[in-house]
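S.K.: Line by line, the protein sequences are chains L and Y. Count the first sequence with this note's numbering and you get residues 1 to 116, in order. Count the second sequence with this note's numbering and you get residues 1001 to 1114, in order.
Keep in mind that the hints were calculated from the coordinates and are not lab data. Among the hints, erroneous ones may be present.
Claimed, not checked - Straight-line distance between alpha carbons at most 20 Å, and here's what the computed DMTMM-like set of lysine to aspartate or glutamate pairs gives:
id: 1; chain 1: Y; residue 1: Lys1056; chain 2: Y; residue 2: Glu1042
id: 2; chain 1: Y; residue 1: Lys1077; chain 2: Y; residue 2: Glu1015
id: 3; chain 1: Y; residue 1: Lys1060; chain 2: Y; residue 2: Glu1076
id: 4; chain 1: L; residue 1: Lys9; chain 2: Y; residue 2: Glu1042
id: 5; chain 1: L; residue 1: Lys70; chain 2: L; residue 2: Asp59
id: 6; chain 1: L; residue 1: Lys57; chain 2: Y; residue 2: Asp1002
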Amino acid sequence: DGGITQSPKYLFRKEGQNVTLSCEQNLNHDAMYWYRQDPGQGLRLIYYSQIVNDFQKGDIAEGYSVSREKKESFPLTVTSAQKNPTAFYLCASSTQRGTANTDTQYFGPGTRLTVL
Amino acid sequence: GDSVTQMEGPVTLSEEAFLTINCTYTATGYPSLFWYVQYPGEGLQLLLKATKADDKGSNKGFEATYRKETTSFHLEKGSVQVSDSAVYFCALSGFNTNAGKSTFGDGTTLTVKP
């Protein structure tokens, strides 16, 4: 079955540590996204990538970093510079490239990060 | 920039009641409009979408019509079930150089009681 997987489901981090969240898709999608979800709020875009080896900052990129070395993978690193990292993180992908805007985003199950 | 405003929740209904969740948007050009649903502890999944004015998206008894004149995409269902309890997000994807980015509303939590 095609889909998006995220791991781990739950992650605990001590203050001052970097952590990396995994996101893998086998949908052959070009575009991938990372969102942050806080209670009672909508999704906020952290980073997105429309093609391998290229990515752009979203609305709240400070304190985060990404890489896109393979089409299937888009890992997110939460660095110690992120002041309030406790949140639910969602990865998504879509076939969108160029100026097309009609395609659905497919989401993974999410990773809940807690800073101790 | 693009924005989406959703009806504030939470919304609590009895089973078989009529549901409306309001959604209005601001965007340049001709965005595509989406409703996503999120069940507890899970990611979002597409419920329905519309890609041009006057299109009606529908799925699992839910409907929404793309109204360009009122910049709205309200979600409706004639008879809700307990299993419809979830968070509903309205979203748009703009037709611009940053295509592929979606803008989401804050979500509306729906609870359906037996």
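S.K.: Now tell me if each hint is right for this structure.
M.R.: Hints, one by one, checked against the model:
1. Y/Lys1056 - Y/Glu1042: Between Y/Lys1056 and Y/Glu1042 the Cα gap is close to 27 Å, so the pair fails against 20 Å, i.e. violated.
2. Y/Lys1077 - Y/Glu1015: holds (12 Å)
3. Y/Lys1060 - Y/Glu1076: holds (11 Å)
4. L/Lys9 - Y/Glu1042: Cα-Cα ~10 Å, so holds.
5. L/Lys70 - L/Asp59: violated (24 Å)
6. L/Lys57 - Y/Asp1002: Between L/Lys57 and Y/Asp1002 the Cα gap is close to 17 Å, so the pair holds against 20 Å.
Going down the numbered hints, you'll see the structure goes against 1 and 5, while the others check out.
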